[in-house]
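Participant: Could you build all of it, start to finish, from the sequences and the hints given here?
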Amino acid sequence: MKTIGDMKIGETAKVARLHGEGAVKRRIMDMGLTKGAQVTVRKVAPLGDPIELTVRGYELSIRKDEAAKVEVE
Amino acid sequence: MSIKIALAGNPNSGKTTLFNALTGSDQYVGNWPGVTVEKKDGILQGRKDVVIQDLPGIYSLSPYSLEEKVSRRFLVEENPDAIINIVDGTNIERNLYLSTQLAELGIPMVMAVNMMDVVRKNGDKIDFARIAKALNCEVVGISAVKNEGGRDAAMKAVELAEKGAARKSEVPHVFSGSVEHAIAHIEESIQGKVRKSAIRWYAIKIFERDREIISDLGIGVGDLKHIEEHIRDCERELDDDAESIITSQRYEFIKNLMDKSLTKSEKRRNKATLSDRIDKIVTNRILALPIFILSLCAMWWIAVAEGGPGTVLTDWANDGFLGDGWHLPFTTHEVDGRDYGTACEDYAKAEATIKAWEAGEKTASVEDEETGETAEEWQVDEAAYNAAKAVEEPDPSAYGVWVPGIGALIGGALEKMGVNDTVASLVNDGAWGGVSTVLGFVPVIFVVFLFLSFLEDCGYMARVAFIMDRLFRKFGLSGKSFIPMIVGKGCGVPAVMAARTIENKRDQRMTIILATFIPCGAKTVIIAMFAAVFFREMWYVAPLMDVIGIAIIVLGGIALKKSSAFAGDPAPFVMELPAYHMPTLSGIWHHTWNRVKAYMLKAGMIIFPACVFLWFIMNYDFHFNLVGADGIDRSMLATMGGWIAWFFAPLGFGTWQGAAASVSAEIAKEQATATLGLVAAGFDGATTASNITALFGTFSDYPKLAAMSFMLFNLFIPPCMVAIAVTFREMGSKAWGWFAVGFQLLVGYVLAMSVYQIGMFCAGGSFGVWTAVAILADIAAAWFVLRPARKEAR
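Protein sequences appear in the order of chains A and B. Residue 70 in numbering that gives the first Met the number 0 is what sits at position 71 of the first sequence, and the numbering runs on without skipping anything. Residue 285 in numbering that gives the first Met the number 0 is what sits at position 286 of the second sequence, and the numbering runs on without skipping anything.
Hint data in this document are derived by calculation from the structure and do not stem from the laboratory. Idealized CB from N, CA, C, for every residue including glycine. Mixed in with the good hints there might be a few duds.
[Unchecked claim] Here are some of the chain A residues that sit facing chain B, going by a computed Cβ distance under 7 Å: (1) Gly31; (2) Thr39; (3) Leu46.
Facilitator: What follows is the structure, encoded as structure tokens:
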């Protein structure tokens, strides 16, 4: 299983499925990281976490813990 | 009957700008009942009968954040007459996600597509008619920054509202066949339980298994079981959970709609936007930290640095505008080769010479105002005495255009009217003293928020959180907590208020509790005095206090994070990094002015009476005779200090003097040194410094330890009452306010007690009850920091 956490900077992939549950998962989905969404990893914060993504045409920042719950194709 | 219009939209969509443009200054800012989420409403300009309710910036109507709960409760329960949904035209895909949910509420809606100036400049085209048809609402293009179209959108909303529930057709159906089928079944079973036009919204929420809605509606067990079967069928068919199905199908619907209605300009498609280019530099792995440090230095300069706008304006407000008076800038000039400040110093020296000679002494001296030590000493003889007598008090108006301060004007007026001393003192020092304490903080709040609003509005604040998150979440804080702590080095009042920029309530509360542990500008006066009087050989005392402050923040954060008050799900860090843009002046102005106004009205109400009360008990005895500064030992404060002295006994200064100094420090922290100087004056030593040394000699057999304990106590207990009042206001609830003050008092008390008791034992003192208490308290504190984190409660 490959997740956003495994993607390299500059890599683009399609979201396959979200793991986890509750508030954090819903929040991630509300922000547009849903099944079928195109996501690009833009950069990593200077201290190594969180990461910055481009999804649905805007910049979104999530922690690596959360990125590891988003499975990509 | 007034018309109620709700203004809803994503954060960073320009909602606040539009709200300000529509309502002008006719705004009311408060909190939503029971929560600390800000509530703003205002009257539509030119239409006294139209109230615009600004909802918090939200991404969705899910039940997981306070802002979302507040917004959807308002929308479904208050049933506004119309909704203005502001949408960022440059980021339309994600913005429409909220729009699809708002459309289901069955409330007439106008979609205001904002930032059309940028969309046009980029060469993109948006097909409004198609979106209007798909979501069954009116669509208007606006540019809130350029003040274009906002009013048209509002008037259209008023028109829709006046027509009443004029829903042209059904609300949009965005889901696939089987989901729509299940939703239809749910609608059937809740008919009559909810407002008819909003039935679809409720049905979708039930499909998502939204616990709040299900329990609110009180659906029967049988119905619920039936509904659950339909949901399960869908989940099986689509191999996903209900919540995921709804969110992803919404986004699919929007994606399809966008494919048809948004035409991106060809030439721009592959070109980086200006914002991208800025971001490449600002959060670049190498440059991010230097740029970040640079912006912190700017913050530091504004709020803390000597000679920066914060300190200069504060001094001007306190000493000049509200105090004695001030020279108009650029009008000052020297007289006989001296400026006004030097002339005043010379006059003070001459006075000292006269006093010394008349008292028969051979030397005269002046003291340093802050430390109470001898600053300069010289021989006096008859010639010097006669020369000194010839020195006249300098007239400030001879040195430039002198503007008298309000304090001086009031004092002068009272003197002219021949009012008796007691009343004059009550009016001038008591009442006016209270008002000027409140007003004295306005300049620093103002400049700090001017800068913070700029950081926030231009989009950099989100990057601050992005850069610092990793470091700060280790001790339960947000990356944005860094800003209040920097501001706190200058003054705790704007620091507590600056915590508002933290969206997450838990992080905000924790930041408020901890930020004031950084010794502020007023506390450095205490440090300066004690360092000079008691710890001359310990050059590191002042930096050590900062280190202790930081250590308390880190350890306190870790301990609080594990406490039941802050336990629960960790805050998700899923944050939009908004595109950079140039903030508007009016936006920054509104933002800043709202903060200043809230401070003056809400916090001022508490500070003013408290100030007057403290001043009163310091200057009057129990027979209501004015005792003044010299008679402080007869004041009510002295008597009351005697009553509570026992509380300070374990700290080594359990005397009325120690108590009085600590209590009076709540007016303003530097008051502690002034009060100590006054109560020690009876020792008749050569200098205030020697008096204070003598005073602490009477406190304890270990005066240095008592002094250290006194200093630590006054630095690390709750801040001055202005900051406390602001803490209560920003916490939004009394319970949280008391929690903060209680925690801070506990930390300061245990720290001072530990240093005094354990220090005494190490210095060869006996092992007493309080030594044991101090050790136990430290063990308890260590346990709170080191204990394993709670299992996440679900």
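Participant: Give a verdict on every hint.
Facilitator: Structure-based check of all given hints:
For A:Gly31, the shortest C-beta to C-beta distance to chain B is roughly 5 Å, which falls under 7 Å, so the interface hint holds. Interface restraint check for A:Thr39: the shortest CB-CB distance to chain B comes to about 12 Å, outside 7 Å, so the restraint is violated. The interface hint given for A:Leu46 holds, since its Cβ lies 4 Å from the closest Cβ of chain B, which is under the 7 Å cut-off.
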